[in-house]
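Visitor: So you can see what is in the structure, the chains are spelled out below.
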Amino acid sequence: MKIVKINEDNCIYCHLCEVACIVEHSQSKDIIKAFKKEERPIARCSVEFNYPLSLSIMCRHCDDAPCMEACQNGAMHRDERGYVTVDSNKCVGCWMCVMACPYGVIKRDTRREVWGLSTKCDACPDRKIPACVEACPNNALTFEEI
Amino acid sequence: MKIVIIGNSVAGINAVEAIREKDKISDIRVISDEQTRAYSHPLLPNFVVGDVSRAEERFYYRHRAFYEKNNVKTILGKSVVKVFPKNKYVQLNNEEKVEYDKLLIACGGKPIIPKMQGVELEGVHTLTNIKSADRLKSELSDIKSCVVVGGGLIGSKTAEKLAKKGIKVTLVELMKRVLFPVLDDTGADYIHKELKNLGVKLILEDSVVELKGDKKVKEVVLSSGKKIETDSVVVAVGVRPNLDFVSDSDIETNKGILVNDYMQTNIDTIYAAGDVVEAYDIVIAQKRPIPILPLAARQGRIAGLNIIDSNIKYKGGFPTNSITIGKTSFISMGIVDSDEFEVLQIQNGNEYRKFLIDDNKLVGAILVGNIEKAGMFNWMIQNKFDVSWIKDTFLNSDFGWKYFNKAFRVLRLDRKIK
Amino acid sequence: MKWMKNLKTYTPPAFTVIRDNDRCIRCKACVEQCSFDATFYDEEEDKVWNWDSNCVSCNRCAAICPTEAITIEKRDYSYRRNYSWESHIDGLKKRAIFGGTPVVSMGNDKPYKIYWDHMLLNASQVTNPSIDPLREPMELKTFLGKKPHSISVENVSLKTKLSPQLELDVPIMFAAMSYGALSYNVVEALGRAAKEMGTFYNSGEGGLNKDHYKFKGNIIVQVASGRFGVHKPYLDVGSAIEIKIGQGAKPGIGGHLPGEKVTETISETRMMPQGSDAISPAPHHDVYSIEDLRQLIYALKEATEYTKPIIVKIAAVHNVAAIASGITRAGADIICIDGFKGGTGASPQVIRDNVGLPIELALAVVDERLRSEGIRQDISIIASGGIRNSMDVVKAIALGADAVYIGTAALLAIGCTMCQQCHTGRCAWGITTQDPHLSKRVNPDIASERLINLLKVWSLEIKETMGAMGINSIESLRGNRLNLRGIDLSDRELEILGILPAGE
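Protein chains in written order, with the working numbering: chain G, 1 to 146; chain H, 1 to 418; chain R, 1 to 504.
Don't take every hint at face value.
The calculated label-pair distances, taken between Cβ atoms and stated as ranges, are [said to hold, decoys possible]:
hint : chain 1 : residue 1 : chain 2 : residue 2 : range
1    : R       : D211      : G       : N139      : 53 to 59 Å
2    : H       : N350      : R       : D42       : 22 to 28 Å
3    : G       : M1        : R       : L412      : 24 to 30 Å
4    : R       : E45       : H       : E34       : 42 to 48 Å
5    : H       : D414      : R       : Y79       : 57 to 63 Å
6    : R       : E45       : H       : N348      : 41 to 47 Å
7    : R       : K456      : H       : K384      : 49 to 55 Å
8    : G       : E38       : R       : L412      : 37 to 43 Å
Bear in mind the hints are in silico, worked out from the structure with no lab data behind them.
Positions of the beta carbon are idealized from the N, C-alpha and C atoms, including for glycine.
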């Protein structure tokens, strides 16, 4: 299974992976609307910086995913493609997945009325190559078998 | 092969999934005394106040089609009376016998009811299964005030939910703080504050000795002599392994069913997993029941894999808890309050971070407010990771991969080290 | 705004950054990418601001902006128009304010005549038919080095002992740009591309990082006046050794690598203290005559047991033909002539803009001089300094060059936008910087691929043009000035170039 490989030596700290992720997970999938008109989705990848290092980190889609194990109602599941994804209709925001994720890549979206929503990389189900990989200007993210 | 699983919740369901990964043929039967398909126990307080209902998929642990898809036969609404290991069958409460080749006991826990007079009165509730939740829910509209006995995870959550409904809630906790084993004083203070903001009255270092009333509970008497008028009580002092039908069998038990690293009991063909067992606690290095959901899932999965002879070891677990009260989220893991270890902590407004380190191994952590990346610490505890070179960065609220050594980071992110 | 303008140091900004606020999504990619402090984000206002005085028009922000919200415009002079003064006002003021001479890079940018653009190529029609390079074999292979006056053959094999030769699959090499001036990743990319394309990368004066010894076989090592990083293993890695007497960017003056660029690895490679300026003297202090040069050439030949050709590189200056003759007689195998348009190197502006010669003229006179003295076969000529495209290569070879060096063109392929800030060490494109965070901006995988693409496309274009001329080997094009015609040139210029005017 292909996942996003992180080549930190090439990361130039431009945040375009986050931008692309936000656009891909927005309603309109239009960059300007996503940022200016809609409620902005949370980027599934996050760029860390510690001079001179920078790197973008997102879900590694573990084989034995601890987040799935910790999920209290099966919202965190493996989809048909084999990627670990959150069913937003089920997620109750108990953050047990946050507690379990060994990579620390699950983010909390607390903007819903009743339930929180765990937000993580879904490997872009509508695309052949994830948006972040396509947007990366320096091949710091590549989509590869790992 | 005939596989029988007693218990239709987290451990049992994960065992089914593990078995079906490789074995599509064996006959799997799941026995449960409950009528419903597997549901999410932590959602029971939400269920009671109506955040979620039976009609919503969100309430359930697995989809409706789970049993059919995995070719599992269910025997619901029947409880197991006795296990006969020699003859390899279990007897149900309707005299029916269910034969097995391999048996998994995953029947979970039972609420602990502390010794006090009047527990049989009407209006006294527990909240560990859907039956008890249904009962509480049906009376909810008549409840004006409630005494929650026990400030554990269920107790605190129930107090929060009921208070939000406008019910006058009093929380009685024996220890000096709520969530005693899960948080330390500083951490618990955040919860105290959140609960007080919601109007919950906290009574700490006190316990209930008597429930008074004619037919229905009217008053709660505490050991301090204090009396609280109430029209309902929720007893939530915790759960213990449900050993009802194993206690007089040959299956070895202590506080819970004893299992080896393969989740196997002293009888070869019988496995056990979940809240019912005593499994290895990696942090305190001894076996004990840890009734938490992620471990039940892992144990169930490992039991399932070993039932089909995969020979997978359970490496041990440790307590991990995540709870949100009001607007504050808490995550704690391992040992959280001890003077024996090196302690790193920082408190900064709504954020609190605490780490306990024993001989350069992380043994526990509390994160309040900023809980992101908590799982990275979880990993460090689980893998006894040498934190000597990185612990200085634990207190940074932007803790992350950037602080790791490059070679290690690359290997981990490339999934070369699990 | 973080800054406040101060009259004491004011010169009008040369560029304006125009930001379309409707398009700007405040992603701050530009803020991070600007290495010249010309872009910043104000969280309170949720606005990205620009400080135009700091903008060098490197276009990194415009390139990275995902919504094309940024345009950079050249600011027009707001001074009263004055043909003779207007381009000198700011330079004069800067000297007066800062008390120093401005340092610039990227070669002479004054509008001197570009002779390449005044030469036209021939094509075959009917007689001597043109050749289709996609159907017919077409040879670009080039050997650089001393050729024998005559050869003798015995039993079908060559009896004459040949001097060492550099074998090039394409007659284009990467010019001397040192590790120190360039970032590690750029050197890596140039080395990889040279290896893939069967050509050479010249290490420049800064020595060679041990990691890059792997490019042995595709490296030319340089020995310059500073002698930085010169030792036996270094000489051994080179397929040829180049003695740098001068370079087109700054004829007659030495080199200067600012201390900020002398990082730990650079200091190791150059064998000099970290953080101190690397100063190459203007002359080689052991070379004051052709005889001295001959000694140095033979010292290097001795050191490498006569296995490697020796290149002598000089800047194109007024009496270049006589100097080239001397160099040939001093025993060099290859001469490199560097024109004044070239120069990835940093240089004082006055030198860059006023000293040197166009490579076209220098090349023509050197080739002519060596031929007339009967020593052309004793030396190969590399032309460099301002080779901008494949047709410049063809014209250079027709004028008499054996091969060319490209420097600026290679950097452009990697991302350079010629903002002329190489000397600051803050290159926003990660090319001429030693800042480890900035230098990551060049990914050697991408950069080497682009260089390879460039050389492949240029090769194809050269083959196409040669085919059109009815020539199937680069050997037949060399010094073939009959295939060139001058346009818009004076009789004297035509005479110097040794070509006929268009129409004749």
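Visitor: Which numbered conditions among the earlier hints are violated in the structure presented, ordered from lowest to highest?
Guide: 1, 3, 4 and 6
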